[in-house]
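There are 2 protein chains.
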Amino acid sequence: MPTREDILYFGAGPARLPTSVLTAASTSILNHNSTGLGLTEHSHRSTLSSEILTGASNALRQLLSVPDDYSIIFMQGGGTTQFSSVVYNLLGYWVQRELEKAEDLEAVRGKLRGAKIDYLVTGTWSQKASEEASRLVGEEMVNVAADAKAVGGGKYGKIPEESAWVLTEKEKSIFTYYCDNETVDGVEFPNFPMALGDGAERLVVCDMSSNILSRKVDVRKYALIFAGAQKNVGTTGLTLVILRNDILTRQPTLKTLRSLGLPIQPIMMDYKTIAKNGSLYNTLPIFDVWVAGEVMKELVTAGGIETQEAVSGRKSDKLYATLEASPKLFQIVPMQGSRSRMNICVRILGEGLEKEFAALAEAQGMTGLKGHRSVGGIRVSNYNSISEAAVDKLVMFIEAFAVAHSV
Amino acid sequence: MPTREDILYFGAGPARLPTSVLTAASTSILNHNSTGLGLTEHSHRSTLSSEILTGASNALRQLLSVPDDYSIIFMQGGGTTQFSSVVYNLLGYWVQRELEKAEDLEAVRGKLRGAKIDYLVTGTWSQKASEEASRLVGEEMVNVAADAKAVGGGKYGKIPEESAWVLTEKEKSIFTYYCDNETVDGVEFPNFPMALGDGAERLVVCDMSSNILSRKVDVRKYALIFAGAQKNVGTTGLTLVILRNDILTRQPTLKTLRSLGLPIQPIMMDYKTIAKNGSLYNTLPIFDVWVAGEVMKELVTAGGIETQEAVSGRKSDKLYATLEASPKLFQIVPMQGSRSRMNICVRILGEGLEKEFAALAEAQGMTGLKGHRSVGGIRVSNYNSISEAAVDKLVMFIEAFAVAHSV
Numbered sequence: 001m002p003t004r005e006d007i008l009y010f011g012a013g014p015a016r017l018p019t020s021v022l023t024a025a026s027t028s029i030l031n032h033n034s035t036g037l038g039l040t041e042h043s044h045r046s047t048l049s050s051e052i053l054t055g056a057s058n059a060l061r062q063l064l065s066v067p068d069d070y071s072i073i074f075m076q077g078g079g080t081t082q083f084s085s086v087v088y089n090l091l092g093y094w095v096q097r098e099l100e101k102a103e104d105l106e107a108v109r110g111k112l113r114g115a116k117i118d119y120l121v122t123g124t125w126s127q128k129a130s131e132e133a134s135r136l137v138g139e140e141m142v143n144v145a146a147d148a149k150a151v152g153g154g155k156y157g158k159i160p161e162e163s164a165w166v167l168t169e170k171e172k173s174i175f176t177y178y179c180d181n182e183t184v185d186g187v188e189f190p191n192f193p194m195a196l197g198d199g200a201e202r203l204v205v206c207d208m209s210s211n212i213l214s215r216k217v218d219v220r221k222y223a224l225i226f227a228g229a230q231k232n233v234g235t236t237g238l239t240l241v242i243l244r245n246d247i248l249t250r251q252p253t254l255k256t257l258r259s260l261g262l263p264i265q266p267i268m269m270d271y272k273t274i275a276k277n278g279s280l281y282n283t284l285p286i287f288d289v290w291v292a293g294e295v296m297k298e299l300v301t302a303g304g305i306e307t308q309e310a311v312s313g314r315k316s317d318k319l320y321a322t323l324e325a326s327p328k329l330f331q332i333v334p335m336q337g338s339r340s341r342m343n344i345c346v347r348i349l350g351e352g353l354e355k356e357f358a359a360l361a362e363a364q365g366m367t368g369l370k371g372h373r374s375v376g377g378i379r380v381s382n383y384n385s386i387s388e389a390a391v392d393k394l395v396m397f398i399e400a401f402a403v404a405h406s407v
Numbered sequence: 001m002p003t004r005e006d007i008l009y010f011g012a013g014p015a016r017l018p019t020s021v022l023t024a025a026s027t028s029i030l031n032h033n034s035t036g037l038g039l040t041e042h043s044h045r046s047t048l049s050s051e052i053l054t055g056a057s058n059a060l061r062q063l064l065s066v067p068d069d070y071s072i073i074f075m076q077g078g079g080t081t082q083f084s085s086v087v088y089n090l091l092g093y094w095v096q097r098e099l100e101k102a103e104d105l106e107a108v109r110g111k112l113r114g115a116k117i118d119y120l121v122t123g124t125w126s127q128k129a130s131e132e133a134s135r136l137v138g139e140e141m142v143n144v145a146a147d148a149k150a151v152g153g154g155k156y157g158k159i160p161e162e163s164a165w166v167l168t169e170k171e172k173s174i175f176t177y178y179c180d181n182e183t184v185d186g187v188e189f190p191n192f193p194m195a196l197g198d199g200a201e202r203l204v205v206c207d208m209s210s211n212i213l214s215r216k217v218d219v220r221k222y223a224l225i226f227a228g229a230q231k232n233v234g235t236t237g238l239t240l241v242i243l244r245n246d247i248l249t250r251q252p253t254l255k256t257l258r259s260l261g262l263p264i265q266p267i268m269m270d271y272k273t274i275a276k277n278g279s280l281y282n283t284l285p286i287f288d289v290w291v292a293g294e295v296m297k298e299l300v301t302a303g304g305i306e307t308q309e310a311v312s313g314r315k316s317d318k319l320y321a322t323l324e325a326s327p328k329l330f331q332i333v334p335m336q337g338s339r340s341r342m343n344i345c346v347r348i349l350g351e352g353l354e355k356e357f358a359a360l361a362e363a364q365g366m367t368g369l370k371g372h373r374s375v376g377g378i379r380v381s382n383y384n385s386i387s388e389a390a391v392d393k394l395v396m397f398i399e400a401f402a403v404a405h406s407v
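Order-wise, the sequence lines are chains X and A. Sequential numbering from 1 applies to the first sequence in the UniProt record's numbering. Sequential numbering from 1 applies to the second sequence in the UniProt record's numbering.
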């Protein structure tokens, strides 16, 4: 009958949450702030809910220094819902902007010929996002500007050199999409790609589902950032979206979209509708917003994003250094320079050793270490809620395992 | 500092949940079944989660006697997401069925001319659903077969007589949509509309968000039933969908949709993808599934849907009878025959009396009684989790209020 202290969970998401927040949640779900009602029972339109929304939004704004001309909205449906939403809304924005320039639908129609959405495909999730764009707007509008599998011998593990990227010319680029951290493949962008400029030249959209709040981000470089909450921020069912306000205001009419043969977003994927209604166009799961808010407030109290970035770096450095010390036993999957601080993917060389590693670790309460079912191996997920003490214990375990299997 | 026992909450949703379930949830969120991890932290792909999904699905199947050739899927995004999903998927089904008959795209194109989706607009939510269909496929494909506002002098409160409905001829009817219970307006269909046949002639889609599991339903009469969980079943963030299996299998290719100029559903609204992946195409909030499962298992134990139907009827009968006893004070909003057992909407005649009613009730711990902000008045929501004792207390309060304001 293990307690929370007995289990160190390194799963890739849904991820461990701070015990402090879950202890509060345990009370809140039954009787929130002594209101006689649990938080899931309170109206999403109550003053209480409105304060929770504002609190969570403010904490996120503070942590990432979100500029005033960016909005924060909360949505449902996870990252996969955003794969579709960004296509509809950013394409809409691009069309409206061109229409304002040209004031002529025919000119926009012409401009659309050859216009592309650029995808940097560096792992499983950016691949899925690009496939969804192809479903919605057709392959001819999707340009895979970087294809990590092509340069990785059919496997993900290296972000292609920027010099090899084939980005659409700026005039024809609708937006550029990338996934900052690929959970399945353990690949993370070391920093904002130089090739994408400063955010003014190209609209940049980024999926930060698995590394948000683990390091500083210059929000100004992005048109839009989204993140499913269930890894670094909170519970499953909540998605954070940070986007430039002009994406909300510059959107074409349905008539324009129809006459250009472009898809119309379902209302729940319409950012301007969600934003206009303060994220409450329909019933938002306020309990999940509250959990995320509590997690973010703790990060603020602990010293903000700088502290978290330092901690994340220390933890992943230790893990990689320990694995690198036994190169005949541990084969780190991604290449140097593409390695994730959040998901450390490694193969253990030797028949049955991965199974043994996971089983031995589990016997010591360290769980969630199996790699994604599509790629196998071992994966250590090192999100914000993983303490340095937990990493230290895992490091000691890895060292002992290496000694026992020294070759 | 009220306890849960002090507060009788009659809010329209998110609604009260059984204290027994929330007490279990309070433990589960911190350390589920002594696994050392809270339920929101467990992988949605674990055996544990898979058992939770199966358990919830089986309970729903048992409660509503869902036939074997129907699937149950769990989704995110609430009823509003379904407003869009049903349009994409049922239109897709209709096209594919016609294509199988005609084996010729041109014939289907011809058939599409004049084909309509029929909406029975009986309140705020069915109106929103019809508006979303118009956004996605254009007004010309949407037929408001019944317009309750038109017969109600600009207000909702009466389901138009079936004889006055203008349904599209069967051959041209893509599907027929209605909302079984209108939460805002207190309007509920007394039973399955005769005019829609037996489910074989027309595809019938029904929003049961606010009355599901409160009475028996003949699932066979429907192509699809959906319900946001946060009123009668569980927490916000989960949606139940029950649909006929052939809707999953008979779907056109993207190429067919494109060449017919029909919209393509975003992947998260693609029922066949969600079903094929056992509701786990992306990360599903398993905690919410678990809560819904526990609520449904309690309903099974309490005697199933027959018991619940009897209880719901007794509770709403008492409330209506009490209000009807003072007709000079209480004006029930909807007409006889259209009155909801779930949301009892009433106006109190006399300056300031509604405010006084709500305030006095609140002072006695009876809360959530204010009508929807769009219509005002008093609304008593009488979902499954509202006990007969709670209704009795409210009935006594209403009687005392009537005596104090006898006119």
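Hints in this document: simulated from the structure, not taken from any laboratory. None of these values were measured; they are calculated from a predicted model. Please note: incorrect hints may appear among the correct ones.
Copies of one chain are not kept apart here, so a pair can be met inside one copy or by any two copies together.
[Unchecked claim] As a list, the in silico EDC-like pairs of lysine to aspartate or glutamate whose alpha-carbon atoms are at most 20 Å apart:
id : residue 1 : residue 2
1  : 101       : 354
2  : 328       : 298
3  : 221       : 351
4  : 272       : 131
5  : 297       : 100
6  : 272       : 354
7  : 255       : 140
8  : 216       : 68
9  : 216       : 147
10 : 297       : 69
11 : 276       : 399
12 : 276       : 131
13 : 255       : 139
14 : 355       : 100
15 : 272       : 169
16 : 155       : 5
17 : 128       : 218
18 : 149       : 68
19 : 172       : 351
20 : 149       : 171
21 : 276       : 6
22 : 149       : 362
23 : 149       : 351
24 : 149       : 104
25 : 170       : 201
Verification of the hints:
For the identical chains of this complex, residue 101 and residue 354 are neighbours neither inside a copy (58 Å) nor across copies (54 Å), given an alpha-carbon limit of 20 Å. In the homo-oligomer, the alpha carbons of residue 328 and residue 298 never lie at most 20 Å apart, since the shortest distance is 41 Å inside one protomer and 55 Å across protomers. Taking CA atoms no more than 20 Å apart as the test, residue 221 paired with residue 351 passes in neither setting, with 46 Å inside one copy and 56 Å between copies. Taking the shortest alpha-carbon separations for residue 272 and residue 131, only the inter-copy value of 17 Å comes in at or below 20 Å, while the best intra-copy value is 25 Å.
Neither within a single protomer nor between protomers do residue 297 and residue 100 lie at most 20 Å apart by alpha-carbon distance, with minima of 41 Å and 57 Å respectively. Taking CA atoms no more than 20 Å apart as the test, residue 272 paired with residue 354 passes in neither setting, with 48 Å inside one copy and 35 Å between copies. Proximity of residue 255 and residue 140 under a CA criterion of 20 Å is satisfied inter-copy only: 13 Å between copies versus 23 Å inside one chain copy. For the identical chains of this complex, residue 216 and residue 68 are intra-copy neighbours only, at 17 Å inside a copy versus 52 Å across copies, given an alpha-carbon limit of 20 Å.
With identical chains, the CA atoms of residue 216 and residue 147 are never at most 20 Å apart, being 26 Å at best within one copy and 54 Å at best between copies. Taking the shortest alpha-carbon separations for residue 297 and residue 69, neither the intra-copy value of 22 Å nor the inter-copy value of 48 Å comes in at or below 20 Å. For the homomeric pair residue 276 and residue 399, neither the shortest alpha-carbon distance inside one copy (54 Å) nor that between copies (42 Å) is at most 20 Å. For the identical chains of this complex, residue 276 and residue 131 are inter-copy neighbours only, at 18 Å across copies versus 30 Å inside a copy, given an alpha-carbon limit of 20 Å.
In this homomeric assembly, residue 255 and residue 139 come within 20 Å of each other (Cα to Cα) only across copies, at 12 Å, whereas the closest approach inside a single copy is 24 Å. In the homo-oligomer, the alpha carbons of residue 355 and residue 100 never lie at most 20 Å apart, since the shortest distance is 60 Å inside one protomer and 50 Å across protomers. Taking the shortest Cα distances, residue 272 and residue 169 never come within 20 Å of each other, neither inside one copy (28 Å) nor across copies (37 Å). With identical chains, the CA atoms of residue 155 and residue 5 are never at most 20 Å apart, being 37 Å at best within one copy and 58 Å at best between copies.
Within a single copy, residue 128 and residue 218 get their C-alpha atoms no closer than 25 Å, and across copies no closer than 39 Å, so neither meets the 20 Å cut-off. In this homomeric assembly, residue 149 and residue 68 never come within 20 Å of each other (Cα to Cα): the closest approach is 38 Å inside a single copy and 42 Å across copies. When the C-alpha separation of residue 172 and residue 351 is checked against a cutoff of 20 Å, the pair qualifies neither within a copy, at 51 Å, nor between copies, at 63 Å. In this assembly of identical chains, the alpha carbons of residue 149 and residue 171 never lie at most 20 Å apart, being 28 Å within a copy and 49 Å across copies at closest.
In this assembly of identical chains, residue 276 and residue 6 lie within 20 Å of each other by CA distance neither inside one copy nor across copies; the values are 45 Å within and 36 Å between. For a Cα distance limit of 20 Å, the shortest separation of residue 149 from residue 362 qualifies neither inside one copy, at 32 Å, nor across copies, at 62 Å. For the identical chains of this complex, residue 149 and residue 351 are neighbours neither inside a copy (26 Å) nor across copies (72 Å), given an alpha-carbon limit of 20 Å. Proximity of residue 149 to residue 104 under the C-alpha cut-off of 20 Å is found in neither arrangement, the shortest distances being 41 Å within a copy and 40 Å between copies.
Taking the shortest alpha-carbon separations for residue 170 and residue 201, only the intra-copy value of 7 Å comes in at or below 20 Å, while the best inter-copy value is 54 Å.
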